[in-house]
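Residue numbers (this note's numbering), protein chains in the order written: chain A, 1 to 669; chain B, 1 to 176; chain C, 1 to 317.
Do not take every clue at face value.
[What the hints assert, rightly or not] Quick look at which bits of chain C chain A covers, simulated, 3 or more residues with Cβ under 8 Å: (1) 44-52; (2) 150-160; (3) 165-175; (4) 275-284; (5) 301-307.
[Stated by the list, open to error] 27 Å max Cα-Cα, derived BS3-like pairs, lysine-lysine: (6) B:Lys122 <-> C:Lys22; (7) B:Lys158 <-> B:Lys170; (8) A:Lys67 <-> A:Lys527; (9) B:Lys22 <-> C:Lys122; (10) A:Lys527 <-> B:Lys2; (11) C:Lys254 <-> C:Lys218; (12) B:Lys122 <-> C:Lys221; (13) C:Lys221 <-> C:Lys122; (14) C:Lys218 <-> C:Lys230; (15) A:Lys478 <-> C:Lys218; (16) C:Lys122 <-> C:Lys254; (17) C:Lys221 <-> C:Lys254; (18) B:Lys144 <-> B:Lys51; (19) C:Lys124 <-> C:Lys218; (20) B:Lys2 <-> A:Lys67; (21) B:Lys122 <-> B:Lys144; (22) B:Lys22 <-> B:Lys170; (23) A:Lys45 <-> A:Lys67; (24) B:Lys122 <-> C:Lys124; (25) C:Lys218 <-> C:Lys122; (26) C:Lys124 <-> C:Lys254.
These aren't lab readings, by the way, just hints derived from the structure by calculation. For clarity, every value in this text was computed on a predicted model and none was experimentally measured. Ideal placement from N, C-alpha and C gives every residue a C-beta, glycine not left out.
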Amino acid sequence: MSGTRVIDEASPLTQPSPPRGRGQGEGAGPYSLPGDHGLHRQLEKTWSPATGPLRWFMQIDHHVIGKRFIITAFIWFALGGVLAALMRIQLSRPGNTFLSADLYNQIFTMHGTTMMFLFAVPVMEAVAIYMIPLLVGSRALAFPRLTAFSYYMFLFGGIMLYTAFFLNIGPDAGWFSYVPLASPEFAPGKRVDIWSQLVNFTEISAIAVAIELIVTILKQRTPGMSVNRMPLYVWSMLVTAFMIIFAMPAVMVGSLYLLLDRLVGTHLFNVAEGGDPLLWQHLFWFFGHPEVYIIFIPALGMVSSIITTFCRRPVFGYTAMVLSQVATGFIGFGLWVHHMFTTGLPQSGESFFTAASMMIAIPSGIQIFCWIATIWMGRPVYKPPLMFVLGFVAIFVLGGLSGVMVASIPIDLQVHDTFFVVAHLHYVLIGGAVFPLLGALYYWFPKITGRLMNDRAGHVSFWLIFIGFNLTFFPMHKLGLIGMPRRVYTYLSETGWGQLNLLATIGSVVLALGFLTYFINALVCAKRGEFAGANPWDGPTLEWATDSPPPHYNFIHMPVVSSTEPLWHAPEHAPLVTGLSTTAKEVLITRTFDAEPDHRYTYPAPSAWPFLTALATAGIFLGLLFTPWAFVIGLPIASLMAVGWFWPTTPQKEGDAPQDSATASEAVA
Amino acid sequence: MKRVLVVLAALTLISCEREERKFRQTPAEAALQKRERLVSLVAGPYTPDVKIDGPYAYNAHGISEGKRLFSWYNCVGCHANGGGGMGPPLMDERWIYGSDPEQIFATIVEGRPNGMPSFRGKIPDHQVWQLVAYVQSLSGNVPKDAAGGRQENMQVRKQEQSIPDLEPEKAPAEHP
Amino acid sequence: MTIVLMTGIQSALNPAGVQAEKIARLWDLFFWVSAVVYVLVMIFLLAALLRRRPEIVPNATSPRVRAAVSIATGLTVLTLFALLTASIFTGRSLSDVPERAIQIGVTGKQWWWHIEYDDTDKSKRITTANEITIPVGMPVTVHLQTSDVIHSFWVPNLHGKRDLIPGRRLTWTFSADRPGVYRGQCAEFCGYQHAKMALWINALPAAEYASWLEASRKSSKIPSTPEERKGQEVFMSSPCPLCHTIGGTEAAGKTGPDLTHFASRRSIGAASVPNRREFLAHWIVDAQHFKPGSLMPSMTLEPGQLEPLVVYLESLR
Numbered sequence: 001m002s003g004t005r006v007i008d009e010a011s012p013l014t015q016p017s018p019p020r021g022r023g024q025g026e027g028a029g030p031y032s033l034p035g036d037h038g039l040h041r042q043l044e045k046t047w048s049p050a051t052g053p054l055r056w057f058m059q060i061d062h063h064v065i066g067k068r069f070i071i072t073a074f075i076w077f078a079l080g081g082v083l084a085a086l087m088r089i090q091l092s093r094p095g096n097t098f099l100s101a102d103l104y105n106q107i108f109t110m111h112g113t114t115m116m117f118l119f120a121v122p123v124m125e126a127v128a129i130y131m132i133p134l135l136v137g138s139r140a141l142a143f144p145r146l147t148a149f150s151y152y153m154f155l156f157g158g159i160m161l162y163t164a165f166f167l168n169i170g171p172d173a174g175w176f177s178y179v180p181l182a183s184p185e186f187a188p189g190k191r192v193d194i195w196s197q198l199v200n201f202t203e204i205s206a207i208a209v210a211i212e213l214i215v216t217i218l219k220q221r222t223p224g225m226s227v228n229r230m231p232l233y234v235w236s237m238l239v240t241a242f243m244i245i246f247a248m249p250a251v252m253v254g255s256l257y258l259l260l261d262r263l264v265g266t267h268l269f270n271v272a273e274g275g276d277p278l279l280w281q282h283l284f285w286f287f288g289h290p291e292v293y294i295i296f297i298p299a300l301g302m303v304s305s306i307i308t309t310f311c312r313r314p315v316f317g318y319t320a321m322v323l324s325q326v327a328t329g330f331i332g333f334g335l336w337v338h339h340m341f342t343t344g345l346p347q348s349g350e351s352f353f354t355a356a357s358m359m360i361a362i363p364s365g366i367q368i369f370c371w372i373a374t375i376w377m378g379r380p381v382y383k384p385p386l387m388f389v390l391g392f393v394a395i396f397v398l399g400g401l402s403g404v405m406v407a408s409i410p411i412d413l414q415v416h417d418t419f420f421v422v423a424h425l426h427y428v429l430i431g432g433a434v435f436p437l438l439g440a441l442y443y444w445f446p447k448i449t450g451r452l453m454n455d456r457a458g459h460v461s462f463w464l465i466f467i468g469f470n471l472t473f474f475p476m477h478k479l480g481l482i483g484m485p486r487r488v489y490t491y492l493s494e495t496g497w498g499q500l501n502l503l504a505t506i507g508s509v510v511l512a513l514g515f516l517t518y519f520i521n522a523l524v525c526a527k528r529g530e531f532a533g534a535n536p537w538d539g540p541t542l543e544w545a546t547d548s549p550p551p552h553y554n555f556i557h558m559p560v561v562s563s564t565e566p567l568w569h570a571p572e573h574a575p576l577v578t579g580l581s582t583t584a585k586e587v588l589i590t591r592t593f594d595a596e597p598d599h600r601y602t603y604p605a606p607s608a609w610p611f612l613t614a615l616a617t618a619g620i621f622l623g624l625l626f627t628p629w630a631f632v633i634g635l636p637i638a639s640l641m642a643v644g645w646f647w648p649t650t651p652q653k654e655g656d657a658p659q660d661s662a663t664a665s666e667a668v669a
Numbered sequence: 001m002k003r004v005l006v007v008l009a010a011l012t013l014i015s016c017e018r019e020e021r022k023f024r025q026t027p028a029e030a031a032l033q034k035r036e037r038l039v040s041l042v043a044g045p046y047t048p049d050v051k052i053d054g055p056y057a058y059n060a061h062g063i064s065e066g067k068r069l070f071s072w073y074n075c076v077g078c079h080a081n082g083g084g085g086m087g088p089p090l091m092d093e094r095w096i097y098g099s100d101p102e103q104i105f106a107t108i109v110e111g112r113p114n115g116m117p118s119f120r121g122k123i124p125d126h127q128v129w130q131l132v133a134y135v136q137s138l139s140g141n142v143p144k145d146a147a148g149g150r151q152e153n154m155q156v157r158k159q160e161q162s163i164p165d166l167e168p169e170k171a172p173a174e175h176p
Numbered sequence: 001m002t003i004v005l006m007t008g009i010q011s012a013l014n015p016a017g018v019q020a021e022k023i024a025r026l027w028d029l030f031f032w033v034s035a036v037v038y039v040l041v042m043i044f045l046l047a048a049l050l051r052r053r054p055e056i057v058p059n060a061t062s063p064r065v066r067a068a069v070s071i072a073t074g075l076t077v078l079t080l081f082a083l084l085t086a087s088i089f090t091g092r093s094l095s096d097v098p099e100r101a102i103q104i105g106v107t108g109k110q111w112w113w114h115i116e117y118d119d120t121d122k123s124k125r126i127t128t129a130n131e132i133t134i135p136v137g138m139p140v141t142v143h144l145q146t147s148d149v150i151h152s153f154w155v156p157n158l159h160g161k162r163d164l165i166p167g168r169r170l171t172w173t174f175s176a177d178r179p180g181v182y183r184g185q186c187a188e189f190c191g192y193q194h195a196k197m198a199l200w201i202n203a204l205p206a207a208e209y210a211s212w213l214e215a216s217r218k219s220s221k222i223p224s225t226p227e228e229r230k231g232q233e234v235f236m237s238s239p240c241p242l243c244h245t246i247g248g249t250e251a252a253g254k255t256g257p258d259l260t261h262f263a264s265r266r267s268i269g270a271a272s273v274p275n276r277r278e279f280l281a282h283w284i285v286d287a288q289h290f291k292p293g294s295l296m297p298s299m300t301l302e303p304g305q306l307e308p309l310v311v312y313l314e315s316l317r
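One chain only, chain A, in its complex shape:
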């Protein structure tokens, strides 16, 4: 329903919300019906997560897995941050002996590996696991047992990596593990093998989640949510998921080849026997460049969500925004050689990649302009989520501009593999992904926990992070230009790099304090924050149409939407879908483009098979590093686990289950 809507000064966004208890199943706003309370209890029982002593291993509910995923990803983030702090201490003055050369090399490898494989992509997927079903108006995420399996694979991979690091088997050849430095002759022992297997763990996890997201977004949207009414965050996750499926196999193949070379004795990267070290670089960067867009594009969606709510209007230029995200996804696959400009590839070929690398700035720029236009025409509310978004704009645009610089081959020939690139990548990754992530977590914190984070601490943490970040990474642009290469454990005092490095280290202390403030705010408020209610920010999208935290079934009735901002345009008694079973875990499956109801699908009960399968798979992966017998012993075991997983269950017969009946006048079947 279009038309004007006067900002209501009494909106929950501008007034403190009254204290409310945990949701009683009344739902919120226009999508509830009288008599919902009884349905709530029935549905809660049907959709309840696992119980019993082994319940931790049996959870498949997307809320539970999503929360675990987010928390685990942030634990890896904290560890990666500690590693970064150690590096900054070592580099704070020339000739420092705080860390030995070997330990420093392990630490920067672990930092990059942790942040890129264990934090950046998984946390974006984790937020999506929790939020996407709520945003598309569905009861569940597709393939819940696969979701659990991907969480366990992710967890086991991280545990393997960090256990190895504490045993002095941490990888030490860089997070990109170039050959021949990572070949058996120059990297003896198991260190690089651990890295290669970690890649397998995390990529399996990522691809599985990507599949779930694509299916959920394309087939489980609530009726009325045609593709042109999907929230921009849902679009961003759709694009990201497709990118994951196309990009991850390249690095899995690469790490497989590396393992074959190291353990089996193949020569894929051995020049003397016909291989080529550049093959590794192509395989890795064909993944590596889309990887950073996989990290970045979900953040774009988060920014759109936050700007919509906190500027009180939908984002300007919906179609342009969608097309920009899709274009970024496509073009992102055509940039990878810009990581190889110094390898002596033919210049005409390299120039193509310069052009593509610059061209990708256009869709990103369009999005920035549309957001500024949204702010221009909206009414900003300066809560911490919006502050993080504004910080994102300030930092990411700078990072994008330094990206245009490194896209130019002559400039890249000077700044490649220097601290200039370190500055660029942190500007675009922290500015472009972590800032929106922190804003989005603040924004969705009340939905996930039922309580609000503290605004004052939120503002303080924002400013500490913003100032600390710039103090840390801005000087690195200059450091790169005056000759400081990357991945150096120390430098001579005569180089004159000491002062800027010291400044960067001081900045990193401020940055760490900022992150600490944010996390303490989150941890304390999760238990003792002010109660939030269903829609504390007066947001427009469907996740705000249910309790905070949401019941395990998300929505009592499937809402029918007719706009991109359903809650801002819903009539008093909005149409909704009834008829889904209350005693079986039924999810409404709709058609791909127009979201018309298609059929119902029953989802499985909680199960420990995903855990067991992940355990068996992890055993195979770890064992393979030491003996090929791991395959022989492990594969039958893993297959047995899979058999248990897919063992058919008797489907509940139609007519057995009391259906969700509602008063006919409001019901849309």
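Guided by the hints, dock chains B and C onto chain A, whose structure is given.
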């Protein structure tokens, strides 16, 4: 939480021996250079020889360094890549002058009749121990996870981590 | 090194050669354009935040705003196209390699640079390490190879970097336009001591270069004092000759740096330690102290051997 920290501390202390990078010779390693006895007759009651492992026997980096030095000090000139030529092969189970680490050490440092030069004073002792470990790996006598993989050049035999373990033959009674 | 390096001795912002100059000019263009773009975006953002708002019509689309976004997009495309063109032209001009250039072979090793001046006349070949001497104003083409892992040759004052990749021989041409000493560093992570794999380029005026060539083509200096002779004996009887070459002697090891004119170099260990007596003595006895993991082992010498050895090595000008 405290339990987790204690476990983590214990893990760091274990610090896998295979993965250590020992860049300098430690005094303990220097003490291992005991001289080989030239006869089997000893004074006093019979005391069995204590078998010691060389300092790099379980150390992947040490074995890898030994492989590099095998080429750099031109051991390949007589022994090829283990198959032998002017010198005897090193990848079989026949050890003319003994297969114990200190016997191999003595072979390299003292030299042997029929053409093995003495490298005393020409190769630093810790590098000799690295060579010892590598030579042992040629016949599979080091743990497979520490043995080397394939090299970055033309391959003439299987990588050390894939060769079978060859139990050294008992040395003949009378020597040298 | 008590020589405090002048600011800009390893800096892309202080070009001393024609190639680095072209890149620096391109950098200036990109920098100022980026600065202007950034300031503009921030101005518009602040204006959007701070403007006084009339009655909000949240779903309306103002044609003025739509025009502004379209114009901004168009300007972005044009700006990027202009920058792309500038970049491509600079790249093309950088790849105009002059025909006659001095040819120098550079082989990267963990963690030092093996330098060879080739010549059809074998007696005129020069082998050295970690320092390249070139004449001012003449183009120099380095032939880049590696004997182990990927390294990267980078002397920012003179040109961008080029990788040294196993199995490939890449050429890279640069020139120095003014005399001076320029520092370079390996720029591709290559193992434990990647941080200390630096090199020096000495750009000499033509006459000085000619005399350097002549001096370097000579064999090593014969020891003239008893202490130098003793030092040479110590050298020959230690492990040293198995790795190092001293031209004109029996020491012909190929795996370590050539020491024929060692004392004429300003540093030890690929620019990680100054080439002075006290450092040299310490380096020989315990190189692992300066460069842990480097392939020069720590040496045990008898008392009374180290001093003459150092004297001998310092005589090798």
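Against the structure, the hints:
1. 44-52: Since 6 is at least three, the answer is holds.
2. 150-160: holds (count 6)
3. 165-175: Satisfied; 5 residues make the cut.
4. 275-284: Not satisfied, violated; 0 residues make the cut.
5. 301-307: violated (count 0)
6. B:Lys122 <-> C:Lys22: violated (51 Å)
7. B:Lys158 <-> B:Lys170: Roughly 25 Å separates the two Cα atoms, so the pair holds.
8. A:Lys67 <-> A:Lys527: holds (15 Å)
9. B:Lys22 <-> C:Lys122: violated (41 Å)
10. A:Lys527 <-> B:Lys2: holds (22 Å)
11. C:Lys254 <-> C:Lys218: holds (19 Å)
12. B:Lys122 <-> C:Lys221: holds (24 Å)
13. C:Lys221 <-> C:Lys122: holds (19 Å)
14. C:Lys218 <-> C:Lys230: holds (22 Å)
15. A:Lys478 <-> C:Lys218: violated (43 Å)
16. C:Lys122 <-> C:Lys254: Answer holds: lysine 122 (chain C) to lysine 254 (chain C) is near 17 Å, not above 27 Å.
17. C:Lys221 <-> C:Lys254: Answer holds: lysine 221 (chain C) to lysine 254 (chain C) is near 19 Å, not above 27 Å.
18. B:Lys144 <-> B:Lys51: holds (20 Å)
19. C:Lys124 <-> C:Lys218: Judged against 27 Å, a Cα distance of about 8 Å means the pair holds.
20. B:Lys2 <-> A:Lys67: holds (24 Å)
21. B:Lys122 <-> B:Lys144: violated (30 Å)
22. B:Lys22 <-> B:Lys170: Roughly 32 Å between the alpha carbons, so the hint for lysine 22 (chain B) and lysine 170 (chain B) is violated.
23. A:Lys45 <-> A:Lys67: holds (21 Å)
24. B:Lys122 <-> C:Lys124: violated (31 Å)
25. C:Lys218 <-> C:Lys122: Within the cut-off at roughly 12 Å; holds.
26. C:Lys124 <-> C:Lys254: holds (18 Å)
The structure fails to meet hints 4, 5, 6, 9, 15, 21, 22, 24 from the earlier list, while all remaining hints are met.
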